[in-house]
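Residue numbers (my numbering), protein chains in the order written: chain A, 24 to 565; chain L, 232 to 373; chain X, 8 to 103.
In case anyone wonders, no lab produced these hints; they're calculated from the structure. Errors might be hidden in some of the hints.
Stated by the list, open to error - Only part of the chain L face toward chain A is listed, based on derived beta-carbon distances under 8 Å:
#1 R238
#2 D294
#3 S299
#4 Q358
To be verified - Here are the simulated DSS-like cross-link-like pairs (lysine-lysine), alpha carbons at most 30 Å apart as the crow flies:
#5 A:K494 x A:K541
#6 X:K9 x A:K100
#7 A:K100 x X:K17
#8 A:K283 x A:K190
Backbone N, C-alpha and C fix where the C-beta goes; we use that ideal spot for every residue, glycine too.
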Amino acid sequence: MYKYDQYDQAMVDTRVAEFRDQTARRIAGKMTEDQFKPLRLQNGLYLQLHAYMLRVAVPYGTLSSAQMRMLGDIADKYDRGYGHFTTRQNIQYNWIKLDEAPDILADLAKVEMHAIQTSGNCIRNISSDQYAGAAADELVDPRPYAELLRQWSSFHPEFLALPRKFKIAVIASDTDRAAMRLHDIGIQIVRNAAGEVGCVFYVGGGMGRTPMIAPLIREFVPLDHLITYSEACLRVYNRYGRRDNKYKARIKILVHEIGKEEYSRQVEEEFAHLLTQGIEPPIAELERIIPFFADPAYEAGASDELDRSDPDFALWVDRNCHAHKQPGYIIATISLKPVGGIPGDASADQIRLMADLGRDYSFDELRVTHAQNIVLPHVRKADLYTLWLALDAAGLGTPNLDSIGDIIACPGLDYCSLANARSIPVAQKISERFAAREAELGELKLKISGCINACGHHHAGHIGILGVDRKGTENYQLSLGGCEGADTSLGQITGPGFSEDGIVDAVEKVTDLYLANKQGEERFLDTYRRIGMAPFKEALYD
Amino acid sequence: MTEVQFRFRDDAAPSGPVAAFAAFGEQSNATAVRIEPGDDARVLVPFLDRLKLVEVNFPAFTDGRGNSAARILRELGYTGELRAVGDVIVDQLPALRRSGFDSFAPQVPLDAADAETAFARWPHAYQADAIGSAPIWKLRHG
Amino acid sequence: MKIVTGNDLKSGEVTWWTGNGWSRHVNEAVDAGADAEAILARESAAQRVNAAYVIDGVSEGGTVRPAHIKERIRALGPTVRLDLSLDPTATPERVL
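Using the sequences and the hints given, assemble the complete structure.
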């Protein structure tokens with residue numbers, strides 16, 4: 024994975040010094056909260072319902088075991104012994120003190136980490152495929168391109184006061200494991216008919232109040248124009264994105280209102296101009312970054328056999344492991360969704376254990392997924408059983424990847440001052456109700472958001488739940504048929520909302536209907552797409 | 232008019248009236264103009280040789296349209312004074328400078344020591360910018 | 008009653024206006040009445056509180072109950088981690 028050179032290190036160190044100075048000036052009263060807020064947000068520091076919350080960046084979801092260990096140590100040293108992995112591949116700490124925040128950033132900088140631009144109206148963490156570099160179906164590893172974009176977007180002087188936040192995802196396979204079309208810019212690296220490698224640009228996707236799937240804006244951007252074209256996309260947004268209404272300020276609204284053809288035309292004009300300005304890094308820079316993502320030193324001739332005699336192990340392999348491009352190796356997902364647990368949370372001890380397992384069994388590398396789980400990307404099959412025993416002993420061996428127990432949930436009203444309802448208790452109840460039924464329900468992506476900001480990505484859930492405030496009481500809307508991936512679709516609301524217990528019953532009704540109507544190997548999503556909303560509405564409300 | 236607090240030019244500061252953007256075209260002898268966030272800086276392109284001063288207003292420091300306006304003007308060859316006015320705060324100064332501004336007239340005067348620290352803060356930049364900084368990729372590859 | 012709540016600037020801890028200072032314990036909150044906004048402004052300007060705002064609540068037998076579930080959770084702690092609550096007797100039902 025990428026290693027900082029002297030320049031990268033100087034940038035994060037300078038940022039720490041800058042934030043230390045800004046914090047001191049705020050505490051001394053030289054700055055108002057209104058002046059300080061955008062600055063602390065661009066260092067990942069929120070003021071939440073109970074305390075300051077710090078969101079640390081995990082660039083494109085990749086981290087080393089040393090970095091993971093630091094995240095565990097930070098949880099102990101500065102927080103209350105745990106962290107929360109998020110739907111954008113980051114980690115959050117909920118009990119931070121302002122006067123310690125600069126020290127946390129300094130500790131992070133020691134292991135080449137930061138909280139730069141993880142919040143605020145700027146370009147956020149670039150996300151990517153959690154199986155990058157390990158999956159057989161990728162054209163190339165997308166992460167060098169994500170790293171190029173990370174550097175381009177960091178402290179970009181023109182784009183630090185955008186109309187609103189800006190999220191970019193980069194993938195390099197037709198199987199979209201990063202919900203690419205639901206980002207402000209989604210990039211797929213492809214090979215064109217002439218055999219050249221370049222980027223497809225989708226612009227104007229997003230969730231929140233008005234979810235939209237990003238339309239295709241440009242079919243092919245050559246690699247040596249990636250930064251220039253991205254800059255053109257951002258400049259048009261910075262100049263013409265709406266600033267009159269916070270809820271209409273994302274680029275998806277601009278693209279929707281002026282139309283994708285007009286947006287594309289304006290970008291082409293700006294792009295043609297910017298090509299004369301020499302802002303593109305030389306191809307040598309990409310060539311410098313790529314080797315950091317070279318294959319690890321796989322053991323040649325590693326055995327492709329797995330001893331499946333332990334049925335619990337076999338179940339975990341079938342559910343949580345994915346084929347690796349290299350024979351003898353496998354991709355393992357560590358579930359952070361124990362039955363009845365808090366989705367995405369991990370204790371400091373668990374985080375450090377995962378760091379050690381990454382060091383011992385995955386060439387020192389781990390990934391955070393946008394489904395709030397952890398991936399060990401390069402595990403030798405010969406080591407898999409030992410790994411699983413360690414995970415299972417630590418409560419990290421739940422075999423529920425992509426099943427109903429693998430719930431994606433935002434922190435909700437238990438933690439977040441933006442929320443209208445709690446999400447975690449609903450997740451816990453659903454997890455417990457369906458614990459024995461994961462096998463029969465198969466692939467079922469259930470996502471819960473505690474408010475319309477949709478940090479739980481509920482629009483993309485096969486089953487989605489949105490918490491709302493109904494006259495001071497928590498209420499939950501159910502939606503069906505959302506999907507990320509190449510066949511991205513947005514969930515449809517079933518009808519009136521439910522109480523907290525009611526929503527769990529509602530989920531049971533729709534899953535029962537699925538089982539009664541399922542044909543062949545259909546997943547819940549397939550049955551829904553085939554039979555439509557009407558039967559589900561009837562089951563729920565009649 | 233608020234006082235220019237920081238200036239990175241050797242020539243004399245322009246004096247005289249600053250035309251509003253809407254009226255600028257009609258005033259064929261105006262050498263100074265003020266841009267608001269919604270104004271299109273490219274409209275000024277035919278007049279860049281004549282212009283000695285372009286003021287860019289930031290009614291709120293959270294509105295970054297002025298940064299695009301400034302960069303566009305510099306990219307299109309404007310070499311006159313480019314002044315940031317309005318809600319200019321210390322912490323924006325590095326980004327404003329790299330966007331091409333060479334003078335600053337904050338509505339509320341800034342602490343001079345804090346401002347000096349801010350201007351000198353960043354030894355490097357990842358991106359090419361309007362003041363010809365050598366981006367890190369250039370330092371890496373020449 | 009009108010309750011003023013905010014955060015301590017440095018520690019981030021949630022605080023409640025007690026009439027002569029700021030407490031971490033909601034049951035010490037007083038009814039600031041018509042003075043609530045003025046108190047908020049004065050205390051914010053003096054940097055004794057950050058991000059303060061006014062809410063409704065009721066006083067019930069020695070306890071203070073904020074009117075909205077959000078502030079009841081704010082007072083109690085995350086209902087899913089009441090081991091972290093200031094109140095050792097906390098239960099999730101208390102926020103309903």
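Evaluation of the provided hints:
1. R238: Check failed: Cβ of R238 (chain L) comes no nearer than 19 Å to chain A, outside 8 Å.
2. D294: 6 Å, holds
3. S299: 5 Å, holds
4. Q358: 6 Å, holds
5. A:K494 x A:K541: 38 Å, violated
6. X:K9 x A:K100: 37 Å, violated
7. A:K100 x X:K17: Satisfied, since the Cα-Cα distance of roughly 17 Å is no more than 30 Å.
8. A:K283 x A:K190: 18 Å, holds
The earlier numbered hints that this structure contradicts are 1, 5, 6.
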